[in-house]
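Spelled out from the first residue to the last, the chains are:
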Amino acid sequence: MSLKTFLYQHQEHSISIGTVSDLEIRDDNVVWESFKRGDQGSLVYIYRRYANILFNYGCQFSSRSEYIRDCIQELFCDLIDSRKRLGEVKSIKGYLFASLKRKIVRGLKKEELLQHDEKGIELSFTPTSLPISQSLEREQYAIIERKLGELPKNQREALVLYFYEGLSYVEIAEILGIKVKSARALTYRGLDTLSRELTPYKEAFYVLSLLFHI
Amino acid sequence: MENNREISDLIVDENFVEWVVKPDEASSHYWSVWLANHPHRKKDLEMARQVIESMQYKHHFEMKEKDFDMVLSNIVSHAKYEPDHDRIGISLPWRRIIGIAASLIILLTATFLILDASMGEVNDKKLTKEKVTKTTLPGQKMTIKLPDGTKVMLNAGSQLSYQVPFVKQRKVELTGEGFFEVVRDERKPFIVRSGAVRTEVLGTSFNVKAYPGEEQTTVSVVTGKVHVSDDLGHEASLSPELQGVFDEGKRQLLVAQFSRYQVIGWKDGIIQFEDIPLQSVFLQLERWYGVKIKVSNEKLLKSQYTGRYINASLEEVLDGIGYASGFEFDLGKEEIVITNKN
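Those protein sequences? They're chains A and B, same order as listed. Everything in the first sequence is counted per the numbering used here, starting at 1 for the first residue and increasing by one. Everything in the second sequence is counted per the numbering used here, starting at 1001 for the first residue and increasing by one.
Think of the hints as simulated: they come from the structure by calculation, not from any bench. Being a predicted model, the structure only gives us computed values, none of them experimental. Treat the hints with care, as some may be off.
To be verified - When the alpha-carbon atoms are kept at most 30 angstroms apart in a straight line, the in silico DSS-like pairs for lysine-lysine are as follows:
(1) B:Lys1080 x A:Lys103
(2) A:Lys36 x B:Lys1080
(3) B:Lys1058 x A:Lys147
Assemble the whole structure, with the sequences as input and the hints as a guide.
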C-alpha cells in the first residue's frame, strides 16, 4: 500500500448516520500524549494524517510550493525539538494549522504578503455530490462563488476553516490571531451572506433533499 | 427565508459541522438521536449538510509523492538524532537549506525507512546504513553529538557527514572546521576524512580545519594522541600542542606548534589573530559573522594584524582592527565596504 492510499484511507469517511468511524482514526489526546513521550509511531501517524491537509492550506498563501513543503518539515522538526515542553492540545489539527500559518507568514516575501493581503484564500462553492450539481446549474453556483469572493478575506478564511476543515471557533480564533468571540462573529457574518445567496435556490435544495433517505 | 433560518441553526453549530466533516461514532450517534427527536427537520439536516460539503478551496494542492516521502524520512531521522544536539543561532531560511541538503542524501535511504516506519516502529537492527549530514552556513555554529557520544563542534561554513550506525569504525567526513572531543573506544578507531587528509584517533580532542579553497589543512591536537596521514603517503603522530599542516601546493605534511587561542578559540567565542594578513582576517570574519567584506584598497590586504576578541560583535571587531590598521568601514546591507582612513 502506497503512502498516498494510506493517507486517503485516513481522510475518507462515511457520512451516513450510524456508521462506525474509521478505526484508523485515533484519538487526538492519546496520539498527542504518546508523541510527547517520544513514540515514533505517533509522529509518523500525525504526519501521514495531516501533512497533505497542511500542504493544501499552506499553498493558499504562497505559490512557492517548495517553501510550503519546507515549512511543514520545519514545523514537524520544531514539534520534535520541543515535545517535552508541549502542553495539552485539544485538537492536533487546529494546533498544526495555527503553527504552520505563523511560520509561513513570517517567511513570506514582501510582494507575497501584499498579494495575500489583497487576495486571501479563494473559495469555491462546488457541490460534490451528483444530485446537487444536477439541481443547481453551474451558473447558479458560479454566482454564489462570486459573492463568496467578495467577502472580506478573514471571513473567507474563517468559512473554509469552519466548513471545509471542520475546525472549531476556538481553533479558528487561534489561527487568525483573533478572539474567539470575533471568530464566531466573523463566521456568522460569512454564513449570513451565504444564506442570503442561497435563498433563491432553496427549491433546488428541497428537491435534492427529497432524493436522500436518511 | 424561513427555511434558510432553519438550516442556519444547524450550520452555525460547531458540533454539527464537525460531524459532517469528520464524523465519529459519538457524533453519529448524537445526530441520529437528534433526528429521531426532530423528524420534521430531516430535510433541513440534509440541506445543511449539502451546503457544508459544497464549501471548498478554489485551488487544491497536493504534495508530490516523492516530497511527501522525503519530508517524512527527514522528520523521522530528525526525531532519532535531534535530542542529542543543540543548534546555535540557526535561522529559519538556513534550516530550510539544511533540510534540503540533508534530504538529498537521506532520500537514498528513504524508501527503506518509510517501509519500516509504516509499521509504526523502527527496528534498528533492520536499518542498514543511513547517512547523516550536518551543515553550518557562514555566521553559524553547531554542536553535534554523535551516536557514540563523541562531541563535534562545527564552525561556520562547514559540513560534517557520517553513516550511522557506526559498525567497525567511526568514520566522519569534514569540510570546513570542526573541534572533536572523541569518546575513547579502542575497538573502534575514530577517523576524520577531510580532503586529502585522514586523521585517526582512539579518544582525544583535536581541531581539524579544512576549508575548500584554502591551501592548508590543519589538524591540531589538544589532548591524547592523533595519527594523521595524507593521500601522498605522508604520516605523522601528533601529541598535544602539536599541529599537522598539510600543504596542498607544496605537497607536504609538516608538524608545528600552534597557538591554542588562535586555532581553537572559535569554539569558545574567542577570535584571535597573530600577525595575520588582513586578507585572511577578513576571510575569517566573513565566515564567522556570515557577511561579505569588500576592500577598496588592495594594498590594505597585505598588512598584518594581531588582536583578540571575546564574544564580540562584528562592529566591535572591525572598530578594533580599523583603529590599528587605519581603515574605516561602512556596514551596508549587502556587504561591508572598507576604505582607507583619510
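Hint by hint, which ones does this structure get wrong, listed from lowest number up?
The structure conflicts with no hint, since it agrees with every one listed earlier.
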